Structure formats: C-alpha cells, structure tokens
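Visitor: Each chain, letter by letter, is given below.
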Amino acid sequence: MLHIVNKSPYERNSLESCLRLASKGSAVLLIEDGVYGATKGGSFEGKVLAAMADVKVYALAPDLSARGMADRVLDGVSVVDYGGFVDLVAEHTNCQSWL
Amino acid sequence: MPMVDIAGKTVEVDEEGYLVNLADWNKDVADYLAKEEKVDMSENHWEVVNFLREYYDEYQIAPAIRVLTKAIAKKLGPDKGNNKYLYELFPYGPAKQACKIAGLPKPTGCI
Amino acid sequence: MSDEMDMEEGGVIKKFMFVNRKAPYGTIYALEGLEVVLISAAFEQDVSMAFIDDGVYELKKGQDTKELGQKNFSPTYRALEGYDIEKLYVERESMEARGLTEDDLLVDVIVMDRAELAAKLDEQDVLISF
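Protein chains in written order, with the UniProt record's numbering: chain R, 1 to 99; chain X, 1 to 111; chain V, 1 to 130.
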C-alpha cells in the first residue's frame, strides 16, 4: 500500500496518523508541505527514522527544492521526481492520501 | 485577454495593457507599450525602465513609487531619485507607466 | 477623542504586526500575507512581521521553484528593507524545532524567545494573521 502525506508534520498530525496506521512493508510518499517530514534536524526526525524500520519513505524532489530543503533530506529517504511519483502509484494496488 | 501584434510577434496583455508574460518583453515591446502610454523614450527613460527590470529580477516585485524613488536615489543619485524628475519622465505615474513599459506587473502597493 | 484629533493632523501611527504561521507554496497564505505587508507599507504605520511555527520556513534560503511551476517569492522578503519594514521577528523555539538556525534564513531577522515574542504580541495595536 502507498500512503501519501501532503501536510507539514509540524502543522497537522497527518504524518503521525499515517505512520501509526501504515503496516510493515508499506510505502510513504511525502509531497508538498509533507516533505518537511523528510528533513534533518527537526523535532519530528526521530519519529520518521524510527518508522523507516518498517516502511519505505519517499519524498518528491520538486517540492523539496521549492522549499530550499533538497540538501537536508534524512538518510534513507528516497527522493523521487514526478515520474517516480507515477511509478509508485502504479506499483501499489491501493493508496491512501492523508489530507 | 487581449492579444497584440508587435513587430511580428503576438503578445498577451491584460485589460489595463500590462504584459501578461514577462518573458515576452523586448525592446520592440517596450517601444510599443511606451507609444500606448504616449511616452517618447529617451536615454533617461530607458535608464529607469532598465532599473525597474533589474529591481524585479532581484526581488520579484515591481516596487511602490516611494521605494523606487529611494532606490534610484541610492543608485543614480538624488538628481534622479526624486518625484519631480521621475514624474517629468512618466507624467501618469512613474511606477505605473514605467513598470508597464518595462513589462512588469502593476506595482504591489500601488493605490 | 485625542486619536481623532491626531488623525486630522496627519494620522496616528499604530503598531501593526503580521503574524506568519504557514509554510510557503503548500497554501497561498504566505504569499498573500507578503503582498498585504507590502501594501500596508503605503500607510506609513509601524509595521513588523512575526514568523512562528511553519512560518519560519518562508525565510529558508535556497528556495528553487523551477520544477514546481510556481513563482519563487522568497527574494521579495529581501525587498522589505526598502519598504522600511525591518522588524522581522522569528520565534527561536519554532526555528529550532525545525532544525533551522539563523544562518539558514535569507534575511536579517531578530530571533526571540517565546516569552519575548509573547510580550511583542501584547504591545501591538493590530495583529493580522496569515
């Protein structure tokens, strides 16, 4: 299953809910303000790093660049472009957007 | 939005005559827009227009008149950075007219 | 009463603070807020801006929106000085919670602790929130 989060973890609890309910082996794609969840040094970092033991985390490159965050992505997060976004959707049988 | 033909190129302008796409701007377009504003472009006019384009390039906005005047005074000296000089060049408002000719959007804070 | 008298003689100067709490691009708040701030400069009031919570992200250096297809409005924060808007307050706790330091910000700001900023908010005549 693919989970998509587009809200900043510092503003909404979307990412928190997503990580709580994502089962082992799922993919979590962070887009728009959601990409802040994939960045280093913040107080949410620990939660994402811990979650990465069970889920694979992706972040959308154009959204990282727009926010000046492309150079501080957490180790272990895969950065994908729009093509990669499409591939992720195609690869998974279902998808939940945590709006 | 209205389209106008300028020197063989079709460009889009808004209902007030401002260029819609900054990238459409060139010297011919500026000359056309100046003619529409009934401004006869001299070297001094170009100096202000070029200044505005540089300002936009750096800050991504068209400056309010007060800010433009101050910035011109800083760069080109007080002889040019004052309302009298700029209104002589652009009688219907330097920020508004010069921005239009420079292909920029209407200045933010223009009231 | 005295306020009205002053108005007639050229206006009372009030303290306006624009409170920015949203990240750029994900919503329109940051850009709209910035435009209102620029317009407010025409009224020659005592204007300041506070960057709290995700609002701190508005000031992050190195924004590049080419692939996103939205306008990069971050350079406009550097124009504020020319509009005589020089009081840009950043809440330290918000900045640090996001792993950012003052060096990560694209303009000179005044970093304040939560208590200091709370006092600044109290001082204002008008607060406008984005």
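Incorrect hints may have been included.
Straight-line alpha carbon distances no greater than 20 Å define the calculated EDC-like cross-link-like pairs of lysine to aspartate or glutamate that follow [unchecked claim]:
(1) X:K70 with V:D46
(2) V:K14 with V:D113
(3) X:K74 with V:E86
Here are some of the chain R residues that sit facing chain V, going by a computed Cβ distance under 10 Å [unchecked claim]:
(4) E16
(5) S78
(6) D81
(7) F85
Calculated Cβ distances over 10 Å to all of chain X for the following chain V residues [claimed, not checked]:
(8) D53
(9) F73
(10) R78
(11) Y83
(12) D104
Honestly, the hints are just simulated from the structure, not real lab data.
Note that the structure is a prediction, hence the values are computed from the model and not measured.
C-beta atoms are modelled at their ideal positions from N, C-alpha and C, and glycine is treated no differently.
Visitor: All hints are to be evaluated individually against the structure, with a verdict given for each.
Guide: Against the structure, the hints:
1. Only pairs whose Cα atoms come within 20 Å are accepted, and X:K70 paired with V:D46 is accepted, the gap being roughly 19 Å.
2. Proximity of V:K14 to V:D113 is assessed by CA-CA distance (about 24 Å); at most 20 Å being required, the pair is judged violated.
3. For the hint linking X:K74 to V:E86, the alpha-carbon distance of about 18 Å falls within 20 Å, and the restraint holds.
4. For R:E16, the interface hint is violated, the least distance from its beta-carbon to any beta-carbon of chain V being 15 Å, above 10 Å.
5. Hint status for R:S78: violated, given a least beta-carbon distance of 17 Å to chain V, over 10 Å.
6. Checking R:D81 against chain V by beta carbon gives a least distance of about 8 Å; that is within 10 Å, so the hint holds.
7. A cut of 10 Å between beta carbons decides the hint on R:F85: the least distance to chain V is about 12 Å, and the hint is violated.
8. For V:D53, the condition that its CB be more than 10 Å from all CB atoms of chain X holds, with the nearest at approximately 24 Å.
9. The Cβ of V:F73 sits about 6 Å from the closest Cβ of chain X, inside the 10 Å cut-off, so the non-interface label is violated.
10. With a least CB separation of 6 Å from chain X, V:R78 falls inside the 10 Å interface cut-off, contrary to its annotation.
11. The Cβ of V:Y83 sits about 6 Å from the closest Cβ of chain X, inside the 10 Å cut-off, so the non-interface label is violated.
12. No Cβ of chain X comes within 10 Å of the Cβ of V:D104; the nearest lies about 20 Å off, and the non-interface call holds.
The structure fails to meet hints 2, 4, 5, 7, 9, 10 and 11 from the earlier list, while all remaining hints are met.
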